[in-house]
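Start from the sequences, fold in the hints, and give me the full structure.
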Amino acid sequence: MTKALISVTGLDTTGIIASVATKLSEMNINILDITQTILDGYFTMMMVVDLDGANMDFEEIDKRLQPVRESLKMSIHMQRMDIFDAMHRI
Amino acid sequence: MIETGEILQTMKMIQEENFDIRTITLGINLLDCSHPDANKCAQRVYDKICKKAEHLVRTGEEIETEFGIPIVNKRISVTPVSLICQEDPRPIARALDHAAESVGVNFLGGYSALMHKGATLADERILASIPEVLSETKLLCSSVNVASSRSGINMNAVREMGEIIKKTAEMTADHDGLGCAKLVVFANAVEDNPFMAGAFCGVGEPECAINVGVSGPGVVKVALESVRGQPFDIIAETIKRTAFKITRVGQLVAREASQRLNIPFGIVDLSLAPTPARGDSVAHILTEMGLEMAGAPGTTAALALLNDAVKKGGVMASNHVGGLSGAFIPVSEDIGMIEAAADGALSLEKLEAMTCVCSVGLDMIAIPGDTSASAISGIIADEAAIGVVNNKTTAVRIIPAVGKKAGDRVEFGGLLGYAPVMPVNTKGNEAFIARGGRIPAPLHSLRN
Chain A
0 MTKALISVTG
10 LDTTGIIASV
20 ATKLSEMNIN
30 ILDITQTILD
40 GYFTMMMVVD
50 LDGANMDFEE
60 IDKRLQPVRE
70 SLKMSIHMQR
80 MDIFDAMHRI
Chain B
0 MIETGEILQT
10 MKMIQEENFD
20 IRTITLGINL
30 LDCSHPDANK
40 CAQRVYDKIC
50 KKAEHLVRTG
60 EEIETEFGIP
70 IVNKRISVTP
80 VSLICQEDPR
90 PIARALDHAA
100 ESVGVNFLGG
110 YSALMHKGAT
120 LADERILASI
130 PEVLSETKLL
140 CSSVNVASSR
150 SGINMNAVRE
160 MGEIIKKTAE
170 MTADHDGLGC
180 AKLVVFANAV
190 EDNPFMAGAF
200 CGVGEPECAI
210 NVGVSGPGVV
220 KVALESVRGQ
230 PFDIIAETIK
240 RTAFKITRVG
250 QLVAREASQR
260 LNIPFGIVDL
270 SLAPTPARGD
280 SVAHILTEMG
290 LEMAGAPGTT
300 AALALLNDAV
310 KKGGVMASNH
320 VGGLSGAFIP
330 VSEDIGMIEA
340 AADGALSLEK
350 LEAMTCVCSV
360 GLDMIAIPGD
370 TSASAISGII
380 ADEAAIGVVN
390 NKTTAVRIIP
400 AVGKKAGDRV
410 EFGGLLGYAP
420 VMPVNTKGNE
430 AFIARGGRIP
440 APLHSLRN
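The listed protein sequences correspond, in order, to chains A and B.
Residues 0 to 89 in numbering that gives the first Met the number 0 are what the first sequence lists, from first letter to last.
Residues 0 to 447 in numbering that gives the first Met the number 0 are what the second sequence lists, from first letter to last.
Since the hints were made in silico from the structure, they are not lab data.
In this text, a Cβ means the ideal position worked out from N, Cα and C, and glycines have one as well.
Treat the hints with care, as some may be off.
If you want a taste of the chain A side facing chain B, the calculated C-beta under 7 Å gives, among others [unchecked claim]:
(1) Lys2
(2) Ala53
(3) Asn54
(4) Phe57
(5) Gln78
(6) Asp81
(7) Ile82
(8) Phe83
(9) Met86
(10) His87
Lysine-lysine pairs mimicking DSS-like chemistry, simulated, CA-CA at most 30 Å apart [claimed, not checked]:
(11) Lys391/B x Lys166/B
(12) Lys11/B x Lys22/A
(13) Lys391/B x Lys72/A
Derived coverage of chain B by chain A (criterion: at least 3 residues anywhere in the stretch with Cβ under 8 Å from a Cβ of chain A; other residues may be distant) [stated by the list, open to error]:
(14) 56 to 66
(15) 244 to 252
Spelled out as structure tokens, the structure:
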């Protein structure tokens, strides 16, 4: 399983989770975990996803998230989960 | 499952505390490229590097994107050219620089000679060509090993290097002596170092290897902010924990690069390598420990603790540790060191003391342009003596600032930074350096 973390941050608005989740679903990317909070109107979400279903490389997936970034005007950052595992788990 | 707090900590390290992978360095053996005809040798060298390093930069960029960790440099280290050159080494130098440019790496190291016991004809040719080569190439780095704990100090080489450093500075005077920033003189040089200017691929190395250098002094500094006023036991423990985390990412990147390039993993170099950016300074770790500035009394002890704790924390985090592993104290590449040197808090002599307890040596120090060749040789000899007696790697990378005097400033740009010109003791040592010969290897028992 190739796990990645997608972090979404920016001003809160309606339909953020829906937009991101829809795009992921289109790419056949399964969501494993979501945490989300709003601090002073600032939306922060972290999603752990499984990239294996997508059948495309990392760069392509990231590229396809671009329209979502633009329409929501939010920062959407994707990175492999391994870096967190390496740093915090022995 | 990883907790949110842990994810945020990693992100903060990268985004706010300047944590990065300093370099993925691909070591390439060039022994099979030797040829009596210098141009044919150069062609073989060029072809081999372009083939072996074809995917290096692209792979580095992919890893950077996917893992979200900056990989600042991609570099190549090659077999010391003195071991493959049978006549004029300059065509090989040009081929190396050209190959580095073709594959898109930031630096290529290995225009080197290993002459800690004595010089071969090839070593002499390399030495003679260094000023010209470093003034004509862009990405090529050069190193010369003049001493080792087993063979002592080759004082003929030390004498020659004083002159070569001066000449290199003069030939690159238009760029504040930039050539000297690409030239390092070693005692006990290591074979798997991924850091420049001293990287080369030693003869004990495999055909190719991936060596990774980590960085992150800013992360250590921030970690220490949370233990202000606490005793040193806590400081050491905090540094160890931080170094462990940093190194785990270095190991991950090294493993990933090794798998993708199908090249064996060599080592992770556990180094705290600063940059001139604020928040990326080793000197500021020392000030966080309670010193007003680097150079204040206590600096050597603080650095010793830091260096040791970095190694202790990092060594558990990686399968193989090597290179220069420790804290670097290059003056021009560290904002805290620059400030301390400009203030007069840090002298060449204090820096020399600091090199006794850390990696690597007198690094990126600008000295007055009128400093004599024998004074430079004397500085090299002193530094080599520290390395040889203490069984550690030491190095000298100093830049005579042509036409400038103590207090002036030199600019190199980028990672190399800028530096105030530091005064050098002007008492004569010509008769000492003129002697030549070899200082015997020290006794390694009866240690006092």
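**Request:** Please verify that hint: Asn54/A, Cβ, nearest Cβ of chain B, below 7 Å or not.
**Result:** With a minimum Cβ separation of about 16 Å from chain B (threshold 7 Å), the hint on Asn54/A is violated.
**Asked** Are the Cα positions of Lys391/B and Lys166/B separated by 30 Å at most?
**Response** Holds: Lys391/B and Lys166/B sit about 28 Å apart, inside 30 Å.
**Message:** Next item in the hint list is Phe57/A. Is there a CB on chain B closer than 7 Å to its CB?
**Reply:** holds, 5 Å
**Gln78/A as an interface hint toward chain B, with CB separation required under 7 Å** = OK, holds: Gln78/A within 7 Å of chain B, min 3 Å.
**Item:** Interface hint status, Met86/A versus chain B (Cβ within 7 Å)
**Value:** holds, 5 Å
**Message:** Quick check on Asp81/A please, does its C-beta sit within 7 Å of some C-beta on chain B?
**Reply:** Status holds, d = 6 Å.
**Message:** Checking one constraint from the list: CA of Lys11/B to CA of Lys22/A, max 30 Å. Satisfied?
**Reply:** holds, 27 Å
**Request:** Against chain B, run the beta carbon of Ile82/A and see if the smallest gap drops under 7 Å.
**Result:** holds, 5 Å
**Message:** Tell me if the interface restraint on Ala53/A is satisfied: Cβ within less than 7 Å of some Cβ in chain B.
**Reply:** Not OK, violated: Ala53/A not within 7 Å of chain B, min 13 Å.
**Prompt:** Taking the least C-beta to C-beta distance, is Phe83/A closer than 7 Å to chain B?
**Reply:** Given a least distance of 5 Å, the restraint on Phe83/A holds.
**Message:** His87/A was flagged as interface toward chain B. Is the shortest Cβ-Cβ separation under 7 Å?
**Reply:** Since chain B brings a Cβ to about 4 Å from His87/A, closer than 7 Å, the hint holds.
**Item:** chain A over the region 244 to 252 of chain B, status - at least 3 residues with CB closer than 8 Å
**Value:** holds (count 5)
The structure fails to meet hints 1, 2, 3 and 13 from the earlier list, while all remaining hints are met.
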